[in-house]
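Colleague: Sequence:
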Amino acid sequence: MPYRTFNLNEAAIYLHLARTDLETLVQRREIPVETQGKRLVFRKKDIDTWASQRILGLSHKRLTTYHKQTSALTRDRSHQSLIMAALVHPEAIEPALTSKTKSSVLRDMVALADRAGNVSNPRDFLQSLVERERLCSTALSDGIALLHPRSHDPYMVVNSFISIGRAIHPVPFGAPDGNRTDLFFLIGCQDDRLHLHVLARLCMLSKQTKVLLQLREAESANAMVTILRRAEEDMVGQM
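Residue 216 in the working numbering sits at position 212 of the sequence shown, and the numbers go up by one each step.
FYI, nobody ran anything at the bench for these hints, they're computed from the structure. Watch out, some of these pointers could steer you wrong.
[What the hints assert, rightly or not] No more than 30 Å apart at the CA atoms, straight line, and that leaves these computed lysine-lysine pairs for DSS-like: (1) Lys214 / Lys72; (2) Lys211 / Lys48; (3) Lys211 / Lys65; (4) Lys49 / Lys211; (5) Lys65 / Lys49; (6) Lys48 / Lys106; (7) Lys214 / Lys65; (8) Lys72 / Lys49; (9) Lys48 / Lys65; (10) Lys106 / Lys214; (11) Lys104 / Lys65.
Predicted model only: the values in this text are computed from it and were never measured.
Sequences are here, hints too, so could you generate the full structure?
Modeller: Shown next as structure tokens:
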């Protein structure tokens, strides 16, 4: 699957973009693409990485638009608007993460997901996380990081999931504002489009709700699950 390629129309649909918008990105050389004769060829692995990083850097207005598009698609495919209840569970949350470095955060978060039974190939999953971080940090402002693998091979995860780690001591993680990171969300999805939607939803939750403050004040993993689910319910209810 990661070696799949798309033509222009297929890539536009996959990325939730209008064909004209994608053509503009190609003309500006803002998206990875290859030319084979007169054909434009988009490699799935390359545009997955591009799309993930683009979501993390979208302005609030563009993020809102993109989130509405992915929400509609997810609702059409699964008949569900809410996704946190299916993805977030107490056994995959560590409210007192002891990691002190970026590399130890990645290892400990994979171990957490593995203990919860969500990862089928921890070594490959960790390596893909490392490769993704080498391209560009997944840390955002406000002390959070949305960890995710570079490639989304279904064999690496048992089920789609989100694991959460709250660090006892904030960790230098390469955030754009220069601050340290204390809330880590590890995303593992078997479906590529769900992965992009999860990224968009977590970004929206962090920007439009008080969920980050509430997660930092939560007393337990169960409380963190409840906070995240309620925040999503409130936000989706206002869409």
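Colleague: Give a verdict on every hint.
Modeller: Hint check:
{"no.": "1", "hint": "Lys214 / Lys72", "result": "holds, 20 Å"}
{"no.": "2", "hint": "Lys211 / Lys48", "result": "holds, 29 Å"}
{"no.": "3", "hint": "Lys211 / Lys65", "result": "holds, 11 Å"}
{"no.": "4", "hint": "Lys49 / Lys211", "result": "holds, 28 Å"}
{"no.": "5", "hint": "Lys65 / Lys49", "result": "holds, 27 Å"}
{"no.": "6", "hint": "Lys48 / Lys106", "result": "holds, 27 Å"}
{"no.": "7", "hint": "Lys214 / Lys65", "result": "holds, 19 Å"}
{"no.": "8", "hint": "Lys72 / Lys49", "result": "holds, 24 Å"}
{"no.": "9", "hint": "Lys48 / Lys65", "result": "holds, 26 Å"}
{"no.": "10", "hint": "Lys106 / Lys214", "result": "holds, 26 Å"}
{"no.": "11", "hint": "Lys104 / Lys65", "result": "violated, 35 Å"}
The structure fails to meet hint 11 from the earlier list, while all remaining hints are met.
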